[in-house]
Amino acid sequence: MAVNNELFKGTLQTIILNLLSENERMYGYEITQKVKSITQGELLLKEGALYPALHKLEGDGLLETSTEVVDNRVRKYYSLSKNGKKEVVNKLQEAKDFISQLQLLLNLKPSL
Amino acid sequence: MNLDKEQLHHIREFITQKGFNYVDVQMEILDHVASAVEERMNDNDTLSFDQALKETHQSFGVMGFSVISDGIINALSKKYSRVFWRKFATPFGPKYIVLIIASLFVLYKLQTMVANRMQFTIILISFIIILTFVTTVIGFRSRKFKKLMSYRIAKTYIPLGGVFLVNLSLYFGKVESGSIMGLNAYYVIVSIIFTLFMVYVYAGLSTAIKGVDESRLLMEKYNLVTAS
Numbered sequence: 124m125a126v127n128n129e130l131f132k133g134t135l136q137t138i139i140l141n142l143l144s145e146n147e148r149m150y151g152y153e154i155t156q157k158v159k160s161i162t163q164g165e166l167l168l169k170e171g172a173l174y175p176a177l178h179k180l181e182g183d184g185l186l187e188t189s190t191e192v193v194d195n196r197v198r199k200y201y202s203l204s205k206n207g208k209k210e211v212v213n214k215l216q217e218a219k220d221f222i223s224q225l226q227l228l229l230n231l232k233p234s235l
Numbered sequence: 058m059n060l061d062k063e064q065l066h067h068i069r070e071f072i073t074q075k076g077f078n079y080v081d082v083q084m085e086i087l088d089h090v091a092s093a094v095e096e097r098m099n100d101n102d103t104l105s106f107d108q109a110l111k112e113t114h115q116s117f118g119v120m121g122f123s124v125i126s127d128g129i130i131n132a133l134s135k136k137y138s139r140v141f142w143r144k145f146a147t148p149f150g151p152k153y154i155v156l157i158i159a160s161l162f163v164l165y166k167l168q169t170m171v172a173n174r175m176q177f178t179i180i181l182i183s184f185i186i187i188l189t190f191v192t193t194v195i196g197f198r199s200r201k202f203k204k205l206m207s208y209r210i211a212k213t214y215i216p217l218g219g220v221f222l223v224n225l226s227l228y229f230g231k232v233e234s235g236s237i238m239g240l241n242a243y244y245v246i247v248s249i250i251f252t253l254f255m256v257y258v259y260a261g262l263s264t265a266i267k268g269v270d271e272s273r274l275l276m277e278k279y280n281l282v283t284a285s
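Going line by line, the protein sequences match chains H and B. Quick note on numbering: the first sequence equals residues 124 to 235 in our numbering. Quick note on numbering: the second sequence equals residues 58 to 285 in our numbering.
If we strip away everything but chain H, and leave its shape as in the complex, we get (with noise of 0.2 Å):
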């Protein structure tokens, strides 16, 4: 059963920032890429949610950029800053604490 994309919208920028702390660079193909192996398909990362949410990154300085010719084109890659990989450790616990609420609110935690 495929997920609800709506459902990660909001923990989209953890789900780049922790893809690029494991990868170190990626370009923005191959995050979308990436995300459809992880989750097996489940999870489709359109354009349309993955540049905007990148290129914020970009221009809040968490991520920086570099180009290189692959293919015969010119290819842009992602990675952390400096501010990048201090924000990740920050995003990652913030969205195990909301998980976390959620099972609470949710009633999904499993019995003991």
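Calculated directly from the structure, the hints in this document are not laboratory data. All C-beta atoms in this analysis are idealised placements derived from N, C-alpha and C, irrespective of residue type, glycine included. Heads up, a few of these hints could be off.
A short, non-exhaustive set of chain B residues, derived as facing chain H with CB atoms under 7 Å [to be verified]:
no., residue
1, Lys62
2, Glu63
3, His66
4, Phe117
5, Lys135
Simulated restraints on C-beta separations [as the list claims (entries may be wrong)]:
no., chain 1, residue 1, chain 2, residue 2, range
6, H, Leu228, B, Asp127, 18 to 24 Å
7, B, Ile237, H, Lys132, 32 to 38 Å
8, H, Lys132, B, Ile186, 49 to 55 Å
Taking lysine-lysine and the DSSO-like style, the derived pairs with C-alpha atoms no more than 30 Å apart in a straight line are [to be verified]:
no., chain 1, residue 1, chain 2, residue 2
9, H, Lys208, B, Lys144
10, H, Lys199, B, Lys152
11, H, Lys132, H, Lys157
12, H, Lys199, B, Lys166
13, B, Lys135, H, Lys199
14, B, Lys267, H, Lys208
15, H, Lys169, B, Lys166
16, B, Lys204, H, Lys179
17, H, Lys179, B, Lys166
18, B, Lys111, H, Lys214
19, H, Lys159, B, Lys75
20, B, Lys152, H, Lys205
21, B, Lys201, H, Lys179
22, B, Lys267, H, Lys199
23, H, Lys208, B, Lys111
24, B, Lys152, H, Lys209
25, B, Lys267, H, Lys132
26, B, Lys144, H, Lys179
27, B, Lys201, H, Lys199
28, B, Lys62, H, Lys159
29, B, Lys203, H, Lys199
30, H, Lys157, B, Lys111
31, H, Lys205, B, Lys135
32, B, Lys75, H, Lys179
33, H, Lys132, B, Lys203
34, B, Lys62, H, Lys157
35, H, Lys209, B, Lys144
36, H, Lys169, B, Lys75
37, H, Lys205, B, Lys144
38, B, Lys111, H, Lys159
39, B, Lys267, H, Lys179
Add chain B to chain H, keeping to what the hints say.
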């Protein structure tokens, strides 16, 4: 399979037709579209290049490629704004504050030393003309980068320096006034505005030069991939 140069050229033309002309904006759209087209064609042997391109464009939704273009403009604006304000703040830090104080002192002293107010005005105007000339030369020499969004955004700060000149002109030629801590108020105001103007020009030029440097690197790569 990887797309060949002709197919990449076709995608570039397609992006241009959709109204996205800036080289740096085109480059990011092109790489995403080309990667997606390649994957679609690899997944389905019978899919034609044109059909794969059409499907890829449709996957961007109603906003089309503007989701990338708007994001790039937004990110570049924020990036160069950060560069500009960091440069603007630098002279007020502990390392250079002596220069700012010296500038205020020299400008104030100059006004008291020049007997004729008009002479001081001429000195200031000459200085402004020199700065205008320098910025014009930089603009002319880097005109080849005008097709890059990063260059266009990086140089937007320089013309805004005119705001200081408008304020400065309000106090030109005025001698009689009240005093600030025993100092001539107009002389103090002119010294402050002109010092801020010089810091502004420094920050604006530094930001533009950074934009030119980054645009040059990008343009070299662009020329490499578009060379036949």
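Against the structure, the hints:
Taken as an interface hint, Lys62 (chain B) checks out: its beta carbon lies about 6 Å from the nearest beta carbon of chain H, inside 7 Å. Residue-level restraint check for Glu63 (chain B) is violated (minimum Cβ-Cβ distance to chain H is 10 Å; threshold 7 Å). Contact between His66 (chain B) and chain H, as hinted, is not supported at the beta carbon level, the nearest pair being about 10 Å apart and thus beyond 7 Å. Interface restraint check for Phe117 (chain B): the shortest CB-CB distance to chain H comes to about 5 Å, inside 7 Å, so the restraint holds.
Taking 7 Å as the C-beta cut-off, the interface hint given for Lys135 (chain B) holds, the closest approach to chain H being about 3 Å. Range check, Leu228 (chain H) to Asp127 (chain B): Cβ separation about 35 Å, and the 18 to 24 Å hint is violated. Between Ile237 (chain B) and Lys132 (chain H) the CB atoms are about 55 Å apart, so this pair departs from the stated range of 32 to 38 Å. A hinted range of 49 to 55 Å holds for the C-beta pair Lys132 (chain H) and Ile186 (chain B), which are about 54 Å apart.
For the hint pairing Lys208 (chain H) with Lys144 (chain B), the CA-to-CA distance comes to about 24 Å; that is within 30 Å, so the pair holds. With a C-alpha separation of about 36 Å, the suggested pair Lys199 (chain H) and Lys152 (chain B) falls outside the 30 Å cut-off, and the hint is violated. Of the pairs offered as hints, the one joining Lys132 (chain H) and Lys157 (chain H) holds, with about 16 Å between alpha carbons and a cut-off of 30 Å not exceeded. Distance hint between Lys199 (chain H) and Lys166 (chain B) is unfulfilled; the C-alpha atoms sit about 53 Å from each other, more than 30 Å.
Simply put, Lys135 (chain B) and Lys199 (chain H) have alpha-carbon atoms about 18 Å apart, close enough for the 30 Å limit, and the pair holds. Annotation: proposed proximity of Lys267 (chain B) to Lys208 (chain H) holds, straight-line Cα distance about 24 Å (limit 30 Å). Restraint check for Lys169 (chain H) and Lys166 (chain B): not satisfied, since their Cα atoms lie roughly 63 Å apart, outside the 30 Å limit. Simply put, Lys204 (chain B) and Lys179 (chain H) have alpha-carbon atoms about 23 Å apart, close enough for the 30 Å limit, and the pair holds.
The suggested pairing of Lys179 (chain H) with Lys166 (chain B) is violated, with an alpha-carbon distance near 48 Å, which exceeds 30 Å. With a C-alpha separation of about 37 Å, the suggested pair Lys111 (chain B) and Lys214 (chain H) falls outside the 30 Å cut-off, and the hint is violated. A threshold of 30 Å between alpha carbons decides the hint, and for Lys159 (chain H) with Lys75 (chain B) the separation of about 28 Å falls inside it, so the pair holds. Distance check on the hinted pair: Lys152 (chain B) and Lys205 (chain H) sit about 24 Å apart at the alpha-carbon level, within 30 Å; holds.
A distance of roughly 28 Å separates the Cα atoms of Lys201 (chain B) and Lys179 (chain H); the hinted pair therefore holds under the 30 Å criterion. Straight-line distance between C-alpha atoms of Lys267 (chain B) and Lys199 (chain H) comes to about 18 Å, which keeps the hinted pair within the 30 Å bound. Proposed proximity of Lys208 (chain H) and Lys111 (chain B) is contradicted: the alpha carbons are some 38 Å apart, above 30 Å. For the hint linking Lys152 (chain B) to Lys209 (chain H), the alpha-carbon distance of about 28 Å falls within 30 Å, and the restraint holds.
Distance check on the hinted pair: Lys267 (chain B) and Lys132 (chain H) sit about 34 Å apart at the alpha-carbon level, beyond 30 Å; violated. For the suggested pair Lys144 (chain B) and Lys179 (chain H), the alpha carbons sit about 22 Å apart, so the restraint of at most 30 Å is met. Between the alpha carbons of Lys201 (chain B) and Lys199 (chain H) the distance comes to roughly 22 Å, so the proposed pair stays at or under 30 Å and holds. Note on Lys62 (chain B) and Lys159 (chain H): the hinted pairing holds, with a Cα-Cα distance of about 28 Å set against a maximum of 30 Å.
A C-alpha spacing of about 20 Å is found between Lys203 (chain B) and Lys199 (chain H), which places the hinted pair at or below 30 Å, so the restraint holds. Of the supplied pair hints, the one linking Lys157 (chain H) and Lys111 (chain B) holds, its CA atoms being roughly 23 Å apart against a limit of 30 Å. Only pairs whose Cα atoms come within 30 Å are accepted, and Lys205 (chain H) paired with Lys135 (chain B) is accepted, the gap being roughly 17 Å. Under the criterion of a C-alpha separation no larger than 30 Å, the hint pairing Lys75 (chain B) with Lys179 (chain H) is consistent with the structure, at around 24 Å.
With a CA separation close to 36 Å, the supplied pair Lys132 (chain H) and Lys203 (chain B) exceeds the 30 Å bound. Of the pairs offered as hints, the one joining Lys62 (chain B) and Lys157 (chain H) holds, with about 27 Å between alpha carbons and a cut-off of 30 Å not exceeded. Distance check on the hinted pair: Lys209 (chain H) and Lys144 (chain B) sit about 24 Å apart at the alpha-carbon level, within 30 Å; holds. Distance restraint check for Lys169 (chain H) and Lys75 (chain B): the Cα-Cα separation of roughly 20 Å lies within the 30 Å cut-off, and the hinted pair is therefore satisfied.
A hinted pair counts as satisfied when its Cα atoms are at most 30 Å apart, and Lys205 (chain H) with Lys144 (chain B) qualifies at roughly 19 Å. At most 30 Å may separate the alpha-carbon atoms for a hinted pair to count; Lys111 (chain B) and Lys159 (chain H) meet this at roughly 21 Å. Proposed proximity of Lys267 (chain B) and Lys179 (chain H) is supported: the alpha carbons are some 21 Å apart, at most 30 Å.
Against the hints set out earlier in the document, violations occur for numbers 2, 3, 6, 7, 10, 12, 15, 17, 18, 23, 25 and 33.
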